[in-house]
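Chemist: Fit chain B to the known structure of chain A by using the hints.
If you read the sequences in order, they're chains A and B. The C-terminal position of the first sequence is numbered 277 in the numbering used here, with every residue numbered one higher than the one before it. The C-terminal position of the second sequence is numbered 1298 in the numbering used here, with every residue numbered one higher than the one before it.
Hints listed in this document are in silico derivations from the structure and should not be mistaken for laboratory results. Cβ coordinates follow ideal geometry from the N, Cα and C atoms, glycine included. Possibly wrong hints are sitting among the right ones.
[Claimed, not checked] With the C-beta cut set under 10 Å, the calculated list includes, among others, these residues of chain B facing chain A:
no. : residue
1   : VAL1013
2   : PHE1100
3   : ALA1105
4   : THR1277
5   : VAL1283
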Amino acid sequence: MTRKAVLNLLGLLVALFALFPVLWMISTAFKPAGEIYSLTPHPVPFHPTLGNFRTVFSGSVIGISYWNFLKNSLFVTIVAVALSSLIGLLAAIALGRFKFRFRTTYLILLLIVQLLPQQALVVSLFIDFRKVNLLDSLVGLIVVYTAFALPVTIWMLRNFAATVPKDLEEAAAIDGAGAWTRFWKILLPLISPGLVSTSVFAFIFAYNEFVFALTFLGTDTAKFTLPLYVQYFYGQNSTDWGAIMASSTLFTIPVLAFFLLTQRRLASGLIAGAVKG
Amino acid sequence: MGPYLLLLPATAVIGALIGWPAVQVGLFSFQNYGLMQISGVLPAQWIGFANYSQILHDPEFWSSLRISLYFALVVVPLTLIAGTLVGLLLERLGPRMRTFVSVSAILAWATPAVSASVVFTWLVDPDGGVVDWALTKLPWWLGGGAHWAGYSWTNAALPAYAVLTVMLVWTGFPFIAVTVLAGLRTVPSELHEAARVDGAGPWRDFWKVTFPLLRPVFLVLALLSTIWDFGMFTQAYIVTGDLGNRDEYNLGLYEYSQAFTQPPHYGLASAAAFVLTIILLIVTVGYVRTAIKQGALA
Chain A
1 MTRKAVLNLL GLLVALFALF PVLWMISTAF KPAGEIYSLT PHPVPFHPTL
51 GNFRTVFSGS VIGISYWNFL KNSLFVTIVA VALSSLIGLL AAIALGRFKF
101 RFRTTYLILL LIVQLLPQQA LVVSLFIDFR KVNLLDSLVG LIVVYTAFAL
151 PVTIWMLRNF AATVPKDLEE AAAIDGAGAW TRFWKILLPL ISPGLVSTSV
201 FAFIFAYNEF VFALTFLGTD TAKFTLPLYV QYFYGQNSTD WGAIMASSTL
251 FTIPVLAFFL LTQRRLASGL IAGAVKG
Chain B
1001 MGPYLLLLPA TAVIGALIGW PAVQVGLFSF QNYGLMQISG VLPAQWIGFA
1051 NYSQILHDPE FWSSLRISLY FALVVVPLTL IAGTLVGLLL ERLGPRMRTF
1101 VSVSAILAWA TPAVSASVVF TWLVDPDGGV VDWALTKLPW WLGGGAHWAG
1151 YSWTNAALPA YAVLTVMLVW TGFPFIAVTV LAGLRTVPSE LHEAARVDGA
1201 GPWRDFWKVT FPLLRPVFLV LALLSTIWDF GMFTQAYIVT GDLGNRDEYN
1251 LGLYEYSQAF TQPPHYGLAS AAAFVLTIIL LIVTVGYVRT AIKQGALA
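The shape of chain A in the complex, shown without the other chains (with noise of 0.2 Å):
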């Protein structure tokens, strides 16, 4: 074998080692039980069936559709991404575009709270929130949300609010422009493609969160977002692997889809530990 036969063989097992739990979710999302049962498990199903997502969709295992969790995923993330964007936006304006005292220490703090671990800050938040009431609440996990995306959209963002010039804002002062024109026609069509990518990495961050909605979402089922609703299901229901893969599939294929459509806006947030592993 020559030399770029190796290489491609030992990429393609690498390749190999990285998809096929992802495959092999899905493939068994499709097999009916007598093949995931089955003494020997083939990689793809006989008779593919759509009677594992039925049994998700229908909500038959745990009394409630998938279709309410994806909901409840949608509407908390969503708002929590809208949210943190808008309070980043003006964080990073003043980072990028003022020169302050405490500015480089603000920067700092920003990244030392972001690497906090946050098993060990939910056990004060869990207490503080049951005293005003938001446990068991979709708003609590908004609120929690939004300030745990904040510092990697600050972080973020300050780089491309930092690179509009400055005499571009001075044009338009000479010509008449007040701070708010400045600010609609010249700083936030020129920071909007840092928007998205840190909106990318907040959508990530809160679609996939699950110490918090484990801890504040308790016994109430019907409020449960999809990374809960999904190791909920896994534990009411531990033998029934084709459904269980149906719902995991499910849930993470949007992910992995999003990831391929943006990824090439995430290089640039990666090194700043803005996803965690």
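Modeler: Coordinates of chain B only, in the frame set by chain A:
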């Protein structure tokens, strides 16, 4: 006035939901905060270092710390080595193959922790899981054999952590590989050629040319991976069975279980959370210093 006003909303939100809870964890760790206190029946009392001394005398704390250290000291290096090897491989592949392999790897990395945990639990399931099946088919000299049929991976600490090790390497290597690849492309090819002229093989070339130039990248990757793996929660929670197996706790699960299994001990949990946070803060400070040196604030 301008910048401070713009910073106000962000500072308020982060302060109230991250800053204050972090301070509060410190305060609770010196109080006897439990069921009576959270329901308002009794006021919380300051009890000095009693929570800390109770934790430090708890063998479960030490076993959970040992498991977390295993992830920081064994799984992180494994992930770094695997990721670096894949990064070196990607650099040597043709453009099409490189795109295919890196996109596949990125998909592994992008898989949500909850899905990965559930899927890996299915892969190693004793009834119908593909791993046990494959192991029974493996020849005996590779460790295979009929005794693997129905082998349960998640009911004991060692096999459960073997599964989590493979899973964390699977999740973590793509990020390392892609970052290393980006770094490798900044190394001028003249340097490799010069090394080759001097008679250096690939091994020497890596340690004498590539590694010194990429040392800052490796440092950042090692620190970030340590923060993630030492503080791992979701994967350990799901794979070890929802806090059901106390001997499988890592530090995160130990801390969480103090607060959220009955009866709740928020004070003890806060003390454990404080220990966890301090250990991670030390690593974080190292990370932040490195990031600043490399111009993250420029």
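Chemist: Please go over all the hints and tell whether each is borne out by the structure.
Modeler: Hint check results:
| no. | hint | verdict |
| --- | --- | --- |
| 1 | VAL1013 | holds (5 Å) |
| 2 | PHE1100 | holds (6 Å) |
| 3 | ALA1105 | holds (5 Å) |
| 4 | THR1277 | holds (5 Å) |
| 5 | VAL1283 | holds (8 Å) |
When the structure is compared with the earlier hints, no violation turns up for any of them.
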